[in-house]
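*Asks:* Please work from the sequences and hints to get the whole structure.
Listed in order, the protein sequences are those of chains A, B and C.
Take the first sequence: its letters are residues 1 to 251, numbered as in our numbering.
Take the second sequence: its letters are residues 1001 to 1350, numbered as in our numbering.
Take the third sequence: its letters are residues 2001 to 2297, numbered as in our numbering.
Treat the hints with caution; some may be incorrect.
Claimed, not checked - DSBU-like cross-link-like pairs, simulated, lysine-lysine; straight-line CA separation at most 35 Å:
no., chain 1, residue 1, chain 2, residue 2
1, B, K1244, C, K2121
2, B, K1327, C, K2284
3, B, K1327, A, K122
4, A, K154, B, K1327
5, A, K69, C, K2121
6, A, K125, A, K26
7, A, K3, A, K154
8, C, K2121, A, K72
9, C, K2284, A, K89
10, A, K154, C, K2094
11, B, K1327, A, K124
12, C, K2121, B, K1161
13, A, K89, C, K2094
14, A, K125, B, K1214
15, C, K2284, B, K1214
16, A, K89, B, K1327
17, B, K1244, A, K154
18, A, K69, C, K2094
19, A, K3, C, K2284
For the record, the hints were derived by calculation from the structure and aren't laboratory data.
This one's a predicted model, so the numbers in the text were calculated from it and none came from an experiment.
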Amino acid sequence: MIKTENVSMRFGGLTAVSDLNIQISKNEIVGLIGPNGAGKTTAFNTITGVYKPTEGKVIFKGEDVTGAKPHKITERGIARTFQNIRLWKDMDVLENVLVACHLRMNVGVFAATLHLPGYRAKEKKSREFAMSLLDSVGLADLAHEPATSLPYGKQRRLEIVRALATEPSLLLLDEPAAGMNPQESLELMEFIGKIRDQYDLTILLIEHHMQVVMGVCSRMYVLDYGVTIAHGTPDEIRRNPKVIEAYLGVD
Amino acid sequence: MKRNTILTIAGLVVLVAAVGLADSILGRFTVRILNLSAIYIILALSLNLLNGFTGLFSLGHAGFMAVGAYVSAILTMTPAQKEMNFFLEPIVPILARIQLPFPIALIVAGLCAALAAVLIGVPALRLRDDYLAIATLGFAEIIRVIITNIQSVTNGAQGLKAIPKYSTTWVVWTVAAIAVVFMLALVRSSYGRTMKAVRDDEIAAEAMGIDVFKVKSTSFVISSFMAGVGGALLGHLISTIDPKMFTLMLTFNILLIVVLGGNGSITGSVLGAIIVTVLMEALRFLDMPMNLVFFKTNGLPGLRMVIFSILLMIVVLYRQRGLMGNKEFSWDGVLGIFRRKNSTRNGGRP
Amino acid sequence: MELSTFFQQLTNALSLGSLYALIAIGYTMVYGILRLINFAHGDVFMLGAYFAFYAVTALAMPWWVAFVVALALTAAFGMGLERVAYRPLRDSPKISVMISAIGASFLIENVGIVLFGGRPKSFPSIPLFDTVVHFGSVSMLSVSLFIPVITAVVLGALLWIVHGTKTGLAMRAVSTDLDAARLMAIDVNKTISLTFGIGSLLAGVGGIMWTMKYPQLNPLMGVMPGLKCFIAAVIGGIGNIQGAVLGGFLLGMIEIMIVAFLPELTGYRDAFAFVLLIVVLLVKPAGLLGKNQTVKV
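*Replies:* Dropping the structure here:
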C-alpha cells in the first residue's frame, strides 16, 4: 500500500527524520511510536506532501508520490488528522465534513454558484454521505453545532470523520488519543478498528504512549531522534531493549 | 420556509418600487448618491469576497477598477468623442473606430480586469498576508503608471472626458442586485465553503484535498471581474476618469465599507456601502467653508477623510466584527428581533 | 555618457539610496519585532519634515535646535502611534492590524492636510546644506554629500545599540520570540515602544534630509517614499537591518541610473520599485539577506 524508501528530512543542520523505511500492506493498522520530538509528525508531513523529503522516495499504491502537493496526495487517497486539532472554527460540524466532500464532487465554480442540476444532485449526495459518516460516530445530532464548541474527544472524532469524507484508502492519524483518559483511549482504539473494517482502510497512527496502541496495531515502528530504532509486533517491541531505553524516564 | 419566500418576494417588489420611485421623484443630486451606493455595493462585495471570505488581503482593487473603467470608456465612446479627448496624441487607429454596445463593453471591461488578475495572481497569490497586500498594491501602482504613460491608448494623465452616461439608476441597481445574488449563491455553494476553509486554516484545507492555489486564484479572478465592472460603471456615472482617481485612496474607501459592514458578511457590505456613500456626501460640507453663527471656517479640505479614517480606526480597535460580524440578513433574524422586543415589553418572558 | 555626468548621477544615487535606507530601517525594525507593516511609517517621515519646518519658521529656532526638537517629536509620535493604533491589537488577526495601520496612515495624512494645508510649502534655505560644491566638472549640493555621511553615522550608532547594548539584546530577543522574551522578564511593551521610537527617529532624520535635498513639503510627501522604502526593506530581507540598508541603496541606484541611462523610461520611474519587489518576491521571497522560514504544522 505505502512504502517509504530511505526518507530523510533535514532542516538546516537538524536531521528530523533519517532513513525512514516504512512498509504497510492493505488493511493493516500500524503504529509509529516514539518519545516527543522523535520525528513522528515530520515523517507524516513528508508522506502527506507538507514537506518535500530531503532524500528518499514515498511510494503509494506502486506510484512515486514524493514531493507531490498535499491536495494531490489526498486526491490519491491518503487522508490525515492533526496533532493539534485543525477544524475550521467558523463552520458547523456538518460543514466541516462537507468541505472534505468537495474533493470527490468534481464541480466547477460556476456550476456550483449557479446551482445547476448536476451540482444539486452531487450536493445532496454529499450531504447524505456526510450525515451517514457523522451518524456512524454518533455526531449526527450535533451536525449544526459550531465545530469548536464540541468537547475535545468529539473534536478528535470529527477530525477523523472529516478525513474519511475524502474517501481515503490510507488514513494517517496523528496522536488521536492525545489528551484522552485511558478509558476514552480504549474506546477510540476500538473505534479505529471499526472504521478500518467499515471503510476498508489501511491505517498508520502516531502515538507517544505506546500502551495505547499495543492492542490495536499489528505492527509498530519506533522512532527516536529521527532514527528507526525498532520494528515488529507489539510483543517484540515491548521486549526490545533499545525501545525500553528510549522510553526510560518517559513512560 | 414558505413564509420567508413570500417575505423575500414582497421585499423585492418593495425594493424595485423604491428604486423606480426614487429615480423619478428625487433630485439629480440625490439620485446620483443613490447610484454611487449601488456601485460601491458591487465593489465592496468584490473586495469582501477576497478579504472576508477567502482571507486574502488585497490592496490592489483600484488597479482592477482602473482597467475596467478605461476599457469600458474607450469601447463605448464615439469616434468623434475620442478625437476630442486625444488632442495631445491621437488614439491608436484600431481603438478609434471600435464602438460596442454598453452591455457588451461592460462585460469586456470585467473580462479585461479578470485577465489582469490572472497575470497578477499567478505570481502574487503564492505570497501570504502582508506580502500579498504589498504585492497587490504594487501591481495596482504599476497598472496606474502604465495607464499614465500609454498616451495613445488611455490619453495619459489628461484622462478621459465625456464618457457616455450609461450608469442610470436601473442599470446600476440591476447590476448590484445581480452581484448580491451571485455572491450569496457562490458563498453558499460547495465552492464557497472551500473558500472559507482556506480562510480559516489553509493547512487543513490542503490536507482535505482542496487545491488552495486554485481556490485563491478563482476568488481573485472573480473579485477582479466584479471590480472591473464596478470601475466601468463608476466611469459611466461620473463621466470623467483619470489615473489619479485610482490610487490607494479608492481601495481604502472600499476597505472601509467592508470593515464597517463586517468582514465576511454580504449584508454588511450592502449596508456599509450605503452608509459610507451617504455619509461621504452628507459630510462634504466639512470640506467647504462654513458659517457657524459664532465663527466662520474657511473650509478644511481633508476633514471629511479625517472623520472616515477615525471611523475605520474605531471599528478596527473596538468593534472588529463591524456592523454585522459575519452574519447575514435573514427574515428569521429580523422577526426574532421583533419577537424579543415584544417579549421584553411583556415582562421579559418569551 | 561623460564620466563627470556619471559621477554626478552616482552621488545622486548615493544620497537617494541613503535616504531610502534610513526610512527602510524603521520598517524592518518594526516588522522584525511585530511582524507588522507599519503603513504609517511614511507619514511619520512626513511629520519629521513638517516638525522641522515649523520649528524653523513659526518658532524661529536655529536650524540645528529645530532639527533636534523635530527628531524628538517624531520619535515621541512614533511611540504614541504604537500605543494607540497597534498595541490594542497585538493578539488580533493580522488583517485587523494591517487595516489599523492603513487607517492610521490615512488619518495622519488627512490631519496633515487639515492642519498644514494641502498646498506645498518650501523649506527655507540653510546655507550649510544649500551650497553648490564643485569637484572638477562635477557640481552638486552640499546636502548630497552630508546625507551619506549622516546615514553612516546614524547606522553605526544603531548597530551599536542593537548589537552592543542590553536594550539591543532585548530587542533581538523580542523579535526572535515575543512570548519567550516576556518569560525572561524582558519588558516587552517598553522594548517595542523603543523600537518604534528609534525607527521613527530615523524616519525623522530621513524626512529632514529629504526636505534639504528636495525642499518641498506636502502632507502626502511620505506616501511614495514610504512604499518604496518598505519595498527596499523587503528586497534586502525584512527584519534585517543590513538588508534594509542594502535594499535602500539598491533601489536608489536603480531609480537614478535607469532614468539617467534610459531617459525614455522616466515616466515609469515610480513603477521600478514595484517591479523589483515582485521579481525579488518570486525569485527569493525572503529577500537578499533574509532567511527562509518553514511553517510549522
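*Asks:* Now tell me if each hint is right for this structure.
*Replies:* Hint check:
1. Between the alpha carbons of K1244 (chain B) and K2121 (chain C) the distance comes to roughly 22 Å, so the proposed pair stays at or under 35 Å and holds.
2. At roughly 40 Å between alpha-carbon atoms, K1327 (chain B) and K2284 (chain C) are farther apart than 35 Å, so this suggested pair is violated.
3. Among the hinted pairs, K1327 (chain B) with K122 (chain A) is consistent with the structure: their alpha-carbon atoms are about 27 Å apart, no more than 35 Å.
4. Of the supplied pair hints, the one linking K154 (chain A) and K1327 (chain B) holds, its CA atoms being roughly 26 Å apart against a limit of 35 Å.
5. For the given pair, K69 (chain A) sits about 56 Å from K2121 (chain C) by alpha-carbon distance, which is inconsistent with the 35 Å threshold.
6. With a C-alpha separation of about 28 Å, the suggested pair K125 (chain A) and K26 (chain A) falls inside the 35 Å cut-off, and the hint holds.
7. For the hint linking K3 (chain A) to K154 (chain A), the alpha-carbon distance of about 31 Å falls within 35 Å, and the restraint holds.
8. A C-alpha spacing of about 60 Å is found between K2121 (chain C) and K72 (chain A), which places the hinted pair above 35 Å, so the restraint is violated.
9. A C-alpha spacing of about 33 Å is found between K2284 (chain C) and K89 (chain A), which places the hinted pair at or below 35 Å, so the restraint holds.
10. A distance of roughly 30 Å separates the Cα atoms of K154 (chain A) and K2094 (chain C); the hinted pair therefore holds under the 35 Å criterion.
11. Annotation: proposed proximity of K1327 (chain B) to K124 (chain A) holds, straight-line Cα distance about 24 Å (limit 35 Å).
12. For the hint pairing K2121 (chain C) with K1161 (chain B), the CA-to-CA distance comes to about 31 Å; that is within 35 Å, so the pair holds.
13. Among the hinted pairs, K89 (chain A) with K2094 (chain C) is consistent with the structure: their alpha-carbon atoms are about 17 Å apart, no more than 35 Å.
14. In summary, the hint linking K125 (chain A) to K1214 (chain B) is supported, as the alpha carbons are separated by about 24 Å, within the 35 Å threshold.
15. Only pairs whose Cα atoms come within 35 Å are accepted, and K2284 (chain C) paired with K1214 (chain B) is accepted, the gap being roughly 23 Å.
16. For the hint pairing K89 (chain A) with K1327 (chain B), the CA-to-CA distance comes to about 15 Å; that is within 35 Å, so the pair holds.
17. At most 35 Å may separate the alpha-carbon atoms for a hinted pair to count; K1244 (chain B) and K154 (chain A) exceed this at roughly 55 Å.
18. Proximity of K69 (chain A) to K2094 (chain C) is assessed by CA-CA distance (about 26 Å); at most 35 Å being required, the pair is judged to hold.
19. Proximity of K3 (chain A) to K2284 (chain C) is assessed by CA-CA distance (about 34 Å); at most 35 Å being required, the pair is judged to hold.
Violated hints, in rising order: 2, 5, 8, 17; the structure is consistent with all others.
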